[in-house]
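S.K.: As a plain string of letters, each chain reads:
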Amino acid sequence: MKLRPFRLAVLGLSLLIPAALCAVVLFLVLYSGEAIFFNGLHFLTQINWNLGNLYGDPVVVHGIQVPPGANYGMLVFIVGTLASSGIAILIAVPLAMGAAIFLAEIIPQKIRPMLSMLVELIAVVPSVVFGLWGIAVLVPLIGHYLAPNGSGYGLLTASIVLALMITPIIASTLLDALLQVPKENRESAFALGATHFEVVAKAMMPMVRTTLIGGIVLALGRALGETMAVLMVSGGGLNILPTSLFSPISTIASFVASQLDSAETDPTNMSVRALAEIALVLFFITLAVNACAKLLTSGALRVRKRA
Amino acid sequence: MSVSALKMPRSAQETRRLIISAIGWVLCGAGLVLVLAPLVDIVVVVGWRGIAAFSPHLFTENTTGANGGLYNAIEGTLVITLFAMLIALPLGVGAGIHLSEYGKDKLASAIRFMSDTLTGTPSIVLGYFSYIVMIIGFGWGFSLIAASITLAIMIVPYLARITELSLQQVPNSMREAAYALGAKDSNVVFKVVLPAASSGVLTGALLALAISVGETAPLIYTAGWSNYSWSGQFTHEPMAYLTYVIWTFIDQPDAKSHALAFAAAFLVMLVVLVINIGVRVAIRRKKFA
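From first to last, the protein sequence lines are chains A and B. Quick note: the first sequence uses the UniProt record's numbering, first residue 1, plus one each step. Quick note: the second sequence uses the UniProt record's numbering, first residue 1, plus one each step.
Any given hint could be a false lead.
[Said to hold, decoys possible] Some chain B residues close to chain A (C-beta under 7 Å, calculated; not the full set):
no.	residue
1	Gly31
2	Ile42
3	His98
4	Met269
[Unchecked claim] With beta-carbon atoms standing in for the labels, derived distance ranges:
no.	chain 1	residue 1	chain 2	residue 2	range
5	A	Ser258	B	Ala177	49 to 59 Å
6	A	Leu30	B	Trp48	46 to 56 Å
7	B	Ala183	A	Ser258	50 to 60 Å
8	B	Val274	A	Ile64	45 to 55 Å
[Said to hold, decoys possible] 20 Å max Cα-Cα, derived DMTMM-like pairs, lysine to aspartate or glutamate:
no.	chain 1	residue 1	chain 2	residue 2
9	A	Lys294	B	Asp116
10	A	Lys202	A	Glu105
11	B	Lys256	B	Glu61
12	A	Lys2	B	Asp185
13	A	Lys2	B	Asp105
14	A	Lys202	B	Glu14
15	A	Lys202	A	Glu184
16	A	Lys2	B	Glu101
17	B	Lys286	A	Glu120
18	B	Lys104	B	Asp116
These are calculated hints, taken from the structure and not from any lab test. The beta-carbon is built from N, C-alpha and C at its ideal position, and this holds for glycine as well.
Turn these sequences into a full structure, and let the hints guide you.
M.R.: Okay, structure coming up:
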């Protein structure tokens, strides 16, 4: 075969993407290796994240140097992540469904593009600006009217901000799907005497269900990895599991972002390694969730259902 | 039911259905309002408090602790974004060319899958990866080049997919015509396909630019923070950036820091919204033309 330098060059460029992804996984695994060995499976089930005495002489455990008293457990962050993302989904799904249905069916075609553009614009607002708005508007509101302890920082605030950030993902997925429902299906439902709302709820929604679920899982993937907005409004709870909607929490992502200083002061580097292990766990969680979303939205399952 | 003698009186069930439908529509409408209201409020709050904090010295003075101006942060964001784009554009567009023009095999679909995976990876994970490899491993310290490379890793897959999508809009007959005239692969791509798809690629580049201006998480562990403006070094010099000001200054107790945070948020929002609205309006105009 003839050698084609141009094709080889662009192939090389595109191979950099898998290379980068593999490098991310590889170096996180390599770097966190000692931490994985030191923490064992307790890492996932323990509540305490204790850096140990950073100024004491390092002690050797299983042949690994760690600060005396160091203990790393990420259960609090796993619970915080799942709780905040779960509540965010519970808030976001009904809102997004209402918005998408209203846009698809009631809003006249002339102004629909403008309104759906506004919905899309929510998705491009930087995370840190959502956090700023959360601190300036939402935290005082919740602290004043809802929270029994008077602090607006906590699980509920983080969940609401997350919900706002992910609604556009669900809403635009659903809107696209609703607009693609064939005219015949709608008209036959109308002909049976269904009210307009029944046409949507009973004839159209079942057709787009798989796509909707795909959009929700995609939104979940985004919520799980969201860092800045959560970091700013979650209250940064450590070493204690949330007990109410107003408890301070940390998610995996927000905890990693908040630990820069402590990571830098550890002479044995063990906390940096443990943070790498956390980042690795987060990577695999989002990978699994995004793969599910891909499977659901790609139509691999949908086609089978319709046939 | 005296309005029309032809109409049958409504049965109880029919009335119930009509009431349920009406309630359903009201709830849907409320959903749309609740989804859009926060966006409006964000724009109003950030716009109002951001403009209130504006003064000429924002653009001329460095931040001193949590006071002063924003010169170093504005410059830092511009420089980091510029170098991220310089790294990402050739790589992303090149990868997109491969995926669109020659990517019909299994390898290409594997690349597509991994590219989507990289896009879905939380940016803090990428930032932490860079911290381990570049800051600790290579010993670069908090630096411009580490920050730019991290942002580039984030936006290359994005650019690749957008480039691929826009190149595929170019009709195949144009490629065939060029090949028939004896053009080489590179000539077909650079002289025929890319120019025809230039607006799509430009759109992707602008959206990627907006993403990198608004990012914070990947920069925390790579750019650090500095109260000084950039001295021209690529390594061993922490950089200031606007989103850091938003994130940390709002936690300070004094009103001056809050004003700076809102001014920074206003600048970031301005860039992000102008690019995104501009791109969307331009795309729609093209569709209807």
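S.K.: Hint by hint, say whether it matches the structure.
M.R.: Cross-check of the supplied hints:
1. Gly31: Since chain A brings a Cβ to about 2 Å from Gly31/B, closer than 7 Å, the hint holds.
2. Ile42: With a minimum Cβ separation of about 5 Å from chain A (threshold 7 Å), the hint on Ile42/B holds.
3. His98: holds, 4 Å
4. Met269: holds, 6 Å
5. Ser258/A / Ala177/B: 49 to 59 Å: For Ser258/A and Ala177/B the Cβ distance comes to about 58 Å; the hint holds.
6. Leu30/A / Trp48/B: 46 to 56 Å: At 49 Å between Cβs, range holds.
7. Ala183/B / Ser258/A: 50 to 60 Å: The hint (50 to 60 Å, Cβ to Cβ) holds, given that Ala183/B and Ser258/A are roughly 55 Å apart.
8. Val274/B / Ile64/A: 45 to 55 Å: holds, 52 Å
9. Lys294/A / Asp116/B: OK: Lys294/A and Asp116/B at ~9 Å, within 20 Å.
10. Lys202/A / Glu105/A: holds, 14 Å
11. Lys256/B / Glu61/B: Measuring from Cα to Cα gives roughly 14 Å; hence the hint holds.
12. Lys2/A / Asp185/B: holds, 13 Å
13. Lys2/A / Asp105/B: Holds, because 18 Å separates the two Cα atoms, which is no more than 20 Å.
14. Lys202/A / Glu14/B: holds, 16 Å
15. Lys202/A / Glu184/A: holds, 14 Å
16. Lys2/A / Glu101/B: holds, 18 Å
17. Lys286/B / Glu120/A: holds, 19 Å
18. Lys104/B / Asp116/B: The hint holds at about 17 Å.
Of the numbered hints stated above, none is contradicted by the structure.
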